[in-house]
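Sequences are here, hints too, so could you generate the full structure?
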Amino acid sequence: MRQNGFLLALPTIAWLVVFFVLPLVIVLVVSFMSRGRGGVAELPFTPAHYERAFGIFSIILWRSIGLAGLTTVVCLVVGYPLAFFISTRRRRLVQQIALFLVILPFWTNFLIRTYAWRILLGEQGTINGLLLSLGMIDEPLTMLNTQFAVLVGLVYGFLPFMVLPIYASVERFNFRYVDAANDLGANDVRTFMRVVLPLTLPGVLAGCALVFIPSVGAFVTPDLLGGTKGLMIGNLINNQFGGSGNMPLGSALSIVMMAVVMLSLLVYVFANRRDAGA
Amino acid sequence: MRQSLINEGAMGRNLVIRRLGGIGLWLNPLFAYFFLWAPILILVLFSFNNSRSVASFTGFTLTWYSNILNNMMGAESAFSTEIMLNAFRNSLFVGTVATAISTVLGTMIALAMARGRFRGKPLLDGLLFLPVVIPEITQAISLAIFFKVVFDWVALMSGERIFPGFHTIIAAHVTFNISYVAIVVRARLADMDPQLEEAANDLGANPWQAFWRVTFPLILPGVISGALLAFTLSLDDFVITFFTSGVGTSTLPVFVYGLLKLTVTPEVNAISTIMMVLSTILIGISLAIQGRTASRA
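Here the protein sequences come in this chain order: A and B.
FYI, the numbering for the first sequence is 1 to 278, going by the numbering used here.
FYI, the numbering for the second sequence is 279 to 575, going by the numbering used here.
Wrong hints could be hidden among the right ones.
Stated by the list, open to error - Derived DSBU-like pairs (lysine-lysine); straight-line CA-CA distance at most 35 Å: (1) B:Lys539 with A:Lys229; (2) B:Lys426 with B:Lys399; (3) A:Lys229 with B:Lys399; (4) B:Lys539 with B:Lys426.
Derived from the structure by calculation, the hints contain no laboratory data.
Written out as structure tokens, the structure reads:
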């Protein structure tokens, strides 16, 4: 075991090759095949599905990327000050409770957390009920089955992914640097941009990657909250695997989605490296 | 004179920024905590509401909870208490088997990565990292297509038809769990002094003895944490299970999804509340166990 150790790794490698790598290779191959009867793949090879993915479906592709980007921005705007709030509590116990209150809702199943927004946003939901009874609106607002609902659901689902890595960065941040910057004549904005932000950037970058990637690939959130208006690429892929589906098209769409994820990971790694080098 | 005016203007602006920033820094956590907790509290509240409406709370009742246990779900014919309990049993079965396999495989690769000397480790790092970052839906449909291709091929060769079921769900769960177990165990191994194993070897232990007497007891808390994480992920998973399950092997999340998709009903709110309480208790227990093993080590 000491000398080599490869034998010890072999069963796990074999498992991952069979159940992870091989399926992805099959998806790649299927994505270039034609659609046969009942939506299954058959020969000959064709690039037609990719043409459709970047053609008529590009609107949904861009919507997914846009919604994921917006989710990331909103999570950052809400999460960054929140992470600061938590880590600047003086008493250790208060800090732990503040952190715990962010993590605890996370323990609930994702489906149920998303479903809760159907209660709130529905035509006869809690928010409309409240606004109507207060007389602030005359007829119910349409919030469910819109892109807005998807955005709210995604932010709700992934906000802790933004808060936790930033919190870890802020924990390591030495607040004396702020005093030093102030003593040297920097105002608050300048201190933030030149001192605080650069030193917490690793947490920000990690948080953005952790929010953006699952948001792009979201399936449950748009499925439960988006309706047809909030359809994302994950739903489109799912639809290809039903009765009237198209397996090769579904495969091509998921390869495109994976490419987007890989690209954003590359951006993350590159940004991180540049940050570490600077 | 002019100089000082500019400075005063700048200082005034700084003060305004500081004031506004200060207010913002207080409003932000208030809003964030409200945002995080309101949906869950509303869900729980309306599971006790004595009308079917979720627009306003009119009074307390336990009707919906007793309906769940008595097979009465309003208009939903998809529901029966029996199917729900069956789905729960399926979840526990899949979770237990997948956790056992993935804990062994994940621990083995963690040990190999930390102590072994062989080429291609960066590649292996990537292989372990990918299942964590890849979107669930991609992994789900790639496994669904994979199983379909394999089963079609088997049917063609032997004439025997295999259908998706527990074996496909478990294989899928093990695949996404391995990486998480490996990450947790590797973190534990990184904290451990490798000289302890060398000492055991010097004292005449063979590698097998050194592992079971020295290494394993020391990494056990990591292995337990990894197993608990795997079990939780397994119980919680919906997307990958949804694409790899067969008839009669739905897990609890897949069953719940079927209900959530239909409409908002007070019974569904009650089931959701029960599931929230259960998962909170489960995670509470696992944290307590981890705390205990960590303090013992």
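Violated constraints from the hint list, given by number and in increasing order: Number 3 only.
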